[in-house]
Amino acid sequence: MMSLCESGNEPPGSLKVISTTHRHDTTVHDVIRLLIPALYKNQSDSLMAADGECHHLCKLMAPVRHRWSINDVIGGIRNTVMPSDCSPRLKIPEGNITPRTTGIHLRDELRKRSLDSWCQLLHKRKGVVIYEEYPRSNSWVNTKRNLSSSEYINAIKMSCNLTAVRSVPGRAFSTTRCRQPGCNETETLGHVLGFCRKGELLRNNRHRRVRGAIACLLRNKGWEVHEEVHCISEDDSHRRADIIAINRQQQKPIIIDSTIRMERDLNQAHQVYQEKRAIYEPCIPYLSAQYNIPLFNWSVTGLFFGARSSLPKFTYHF
Numbered sequence: 001m002m003s004l005c006e007s008g009n010e011p012p013g014s015l016k017v018i019s020t021t022h023r024h025d026t027t028v029h030d031v032i033r034l035l036i037p038a039l040y041k042n043q044s045d046s047l048m049a050a051d052g053e054c055h056h057l058c059k060l061m062a063p064v065r066h067r068w069s070i071n072d073v074i075g076g077i078r079n080t081v082m083p084s085d086c087s088p089r090l091k092i093p094e095g096n097i098t099p100r101t102t103g104i105h106l107r108d109e110l111r112k113r114s115l116d117s118w119c120q121l122l123h124k125r126k127g128v129v130i131y132e133e134y135p136r137s138n139s140w141v142n143t144k145r146n147l148s149s150s151e152y153i154n155a156i157k158m159s160c161n162l163t164a165v166r167s168v169p170g171r172a173f174s175t176t177r178c179r180q181p182g183c184n185e186t187e188t189l190g191h192v193l194g195f196c197r198k199g200e201l202l203r204n205n206r207h208r209r210v211r212g213a214i215a216c217l218l219r220n221k222g223w224e225v226h227e228e229v230h231c232i233s234e235d236d237s238h239r240r241a242d243i244i245a246i247n248r249q250q251q252k253p254i255i256i257d258s259t260i261r262m263e264r265d266l267n268q269a270h271q272v273y274q275e276k277r278a279i280y281e282p283c284i285p286y287l288s289a290q291y292n293i294p295l296f297n298w299s300v301t302g303l304f305f306g307a308r309s310s311l312p313k314f315t316y317h318f
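The sequence shown begins at 1 in the numbering used here and counts up one residue at a time.
Hints should not be assumed to be uniformly reliable.
To be verified - With a cut-off of at most 25 Å between alpha-carbon atoms, the simulated DSS-like pairs for lysine-lysine come out as follows:
#1 LYS313 / LYS112
#2 LYS313 / LYS144
#3 LYS198 / LYS157
The set of hints was computed from the structure by calculation and includes no laboratory data.
Please model the complete structure; the sequences and the hints are all you need to start from.
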């Protein structure tokens, strides 16, 4: 950073600002090392440098990797035009640097590249790509939201796929099977959050809270809402839909079923939608008779929520 500002393009006093912000960065670096040693030890460079607009964790950790994060706050080089020789040094294509390129533009370019690199990692990339679809859903990193210190640190570890489960490379040498007695599944973060019977009551309670929030939102908009509705499909199998929402004025009923799963990829929300349609569309004739609404007015929607607080665009726009 000093070499950029010593090129003759720096604003008055910028060298002093750079020196001050260097001390700030060093302090942040040391604090994070002390507060979250396990995260600091196992994190990837790509995670630390990724775009904060995609995951708020990156905003918290960015000063460790890119000095210009603090510089932007203080205002030292935010609007300083970068010299033309910075392109080869930063390995940025020359076409991306114009005579008016500033420090903030270069920082954004490097952060986007770091996010792409994070998404290519073998283990730590799982579900990361979904974070950028709705960044507000992971803003808890900035606010902490009534989490204890241990809960807060564990939540950060889960966001980065650094939780100490046996499937993480180097965590277990004898077996990768779940440590819960009687469970013979591989102990992955997805298994712990979504399948292991150790947390079954917690998962059920989480699902009820999500269903209740959706139902409350629909009631506030004037819909008639029924929760945990029993229904029978055309092959006489029994189902239980999360929500039946009915707009009586328009005679428009919707079957809504939500699911909370470990994030995987961008197609997951659409796959959940198709899965729920296959389950509940055969129940429409039964529900049509129960609520006295024509068959062709019914629709089915499956909503996917990430187990690590992410929210896909498909669910958000519903």
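Hint by hint, here is what the structure shows:
For the suggested pair LYS313 and LYS112, the alpha carbons sit about 20 Å apart, so the restraint of at most 25 Å is met. A threshold of 25 Å between alpha carbons decides the hint, and for LYS313 with LYS144 the separation of about 24 Å falls inside it, so the pair holds. Only pairs whose Cα atoms come within 25 Å are accepted, and LYS198 paired with LYS157 is accepted, the gap being roughly 20 Å.
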